[in-house]
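Between the sequences and the hints, there should be enough to build the whole structure, so can you do that?
So you can see what is in the structure, the chains are spelled out below.
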Amino acid sequence: MTILLFGVTKDIVGSPSLSIPTASITGRSIPKTVKELRIFLGKAYPELSKLSSLAVAVNNSYAQDEQQINSYDEIALIPPVSGG
Amino acid sequence: MSSVGRYTRQTSLLSFGVDGQAKLADSQVLIIGLGGLGLPVAQYLNAMGVGTLGLVDNDTIELHNLQRQILYAEADIGKSKLTVTKVKLKAQNSETKIKCFDTFLTPENALTIIKDFDLIIDATDNFATRYLINDACVLLNKPFVYGALHGFEGQVSVFNYQNGPTYRCLFPDIPKKNEIPNCNENGVLGILPGIIGTLQALEAVKVLTGVGEVLSGKLLLFDGLTQTSQKINFRAKEANKDVTSLQKSYGFQNCAINSVTVEVFSGFKNEGETQLIDVRNIDEFENSNLPGAKNIPLKELEFSLTQINFEKPVYLICQSGQRSILALEILLALEPNAKIYHIIGGMNKMTSVCH
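Listed in order, the protein sequences are those of chains P and Z.
Going by the working numbering, the letters in the first sequence line up with residues 1 to 84, in that order.
Going by the working numbering, the letters in the second sequence line up with residues 85 to 439, in that order.
Hints were generated in silico from the structure; no laboratory data involved.
Cβ atoms here follow ideal geometry from the backbone N, Cα and C, with glycine treated the same way.
Hints are not guaranteed to be accurate.
What follows is a list of derived Cβ distance ranges for each label pair [unchecked claim]:
1) Asn373(Z) - Phe40(P): 52 to 60 Å
2) Pro256(Z) - Gly14(P): 21 to 29 Å
3) Ser388(Z) - Glu36(P): 33 to 41 Å
4) Phe387(Z) - Gln67(P): 24 to 32 Å
And the structure:
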C-alpha cells in the first residue's frame, strides 16, 4: 500500500511517500479501514496523530474513517497548510 | 486612456469573448492579504480588467518579503503594503476602481468588508484568518478562492461555489497553535506563491466569467519539486453550511482586542503612566529605539517578569508586530487581568507614520 505524503506529514515522516507491507509477515495487523490506517500511522509516527485536521484521500477522493482500503489503493495524507 | 483594443487578446478567444470581458468589468473582487499569493492575483485581475478590486492588508513591506512579493521594490521597504499596491495597480490599469481596507480581517469587521464583493480571494498566511474567511463567506453566501503554501508545495481550491463544499468540508477544525509551521518558520521558495497565486487568479476569472470548469469540490495539490499536480475530489457536508454567526474568537481574539495602532499608541504615550517594552533582540534595539522603551528580548520575557509593572498598562513593540503578538500571548497567559497591548506593525509602522 503506497501512501503519498503532503505538507507537514512529509516533514514528519522525512520522505515524500511511505509503503506499508500488505502481507502480514510480522504477524502485525494490517489496516483495513481509513480509521485503522490513522491509528497504525499514529503509532509509527506519534506527531501525525497530533494533527487535528488531517485529510485522507483514497484513489484521489476524500475518504471517511469507515472506508475500506486494500493493497491496490493509493492513499494520500493531506494536512492543511497555512503559508501565503 | 482609451480602453479600445486593450483587452483584444482575450476578447478574441471564442469562449471568452466580449461577454467574458463585460462580466469581468462588472465584477467586484476582494483580495485578503497582499503578500506572495495576493499580489499575483491583484496584478493579473487588474491587468485583465476586473472592474473593482478590494484590498485588505495592514502590514508593512520588509526586506525578507522581496524574494517572493515581486511587486515590491527595495525603495518600498518600510512602506504600507496597501498604499504601495494601490499606487502600482493604478499605474498598471487606471480604469480599475480600487477599494482599500487598511486593517487585518477580524471577526468584528469581516462581514462588513466582505458583503459588497462578488468573489473573495483568500491570500492570507494564517489559519485564524482562513477559517474566519470561510465562515464569513458561508454566512454571506460568497464563493472564495483558496490558495496556501508549505515549503515547495501549494494547495488551491474554490470553496462555497454554487452550493459546493467549504474549507471545513476538507479540514473541519482549526489546527492548534504550533501544530503546522507557517512560512516564517518553515520557509517558502520565492516562486511558489507566484505559481499558486496565479492559479488562484485563473480560478477567479473562471468563477467570474463562467468559462471552463471551476475547481470546486476538488483540491489541487501542486508539488514544485517534482512538477506534479494532483486533484483530490471531496464532497460538501451539509452541517458545514449551517453557519449562523461568526465565532467570537478564531484563536486571535486577544490580538484583536489587545492591539493598538501606532496612532492610538502615540496618543497614549503622551499621557504618561505607560510602559513600553521592546521585545526585539539587543542589537536591533541598540540600532534604533523609541524614547522610554525598555528592551526585554522575546526569548527572555518569561524570565524577566519582575522588570514589568503589571499595575500599569504595558505596551509591547517589535520590528513588524509579529514578535509582539507572541509576547502578548505569553504575558496574557501569565497575567490575564493586566492591561497589555501590542502595537500593530511595530517599529516599521512607527517610522512610516512619523515620516
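inquiry  = Check the structure against each numbered hint from earlier and tell me which ones fail, lowest number first.
reply    = 3, 4
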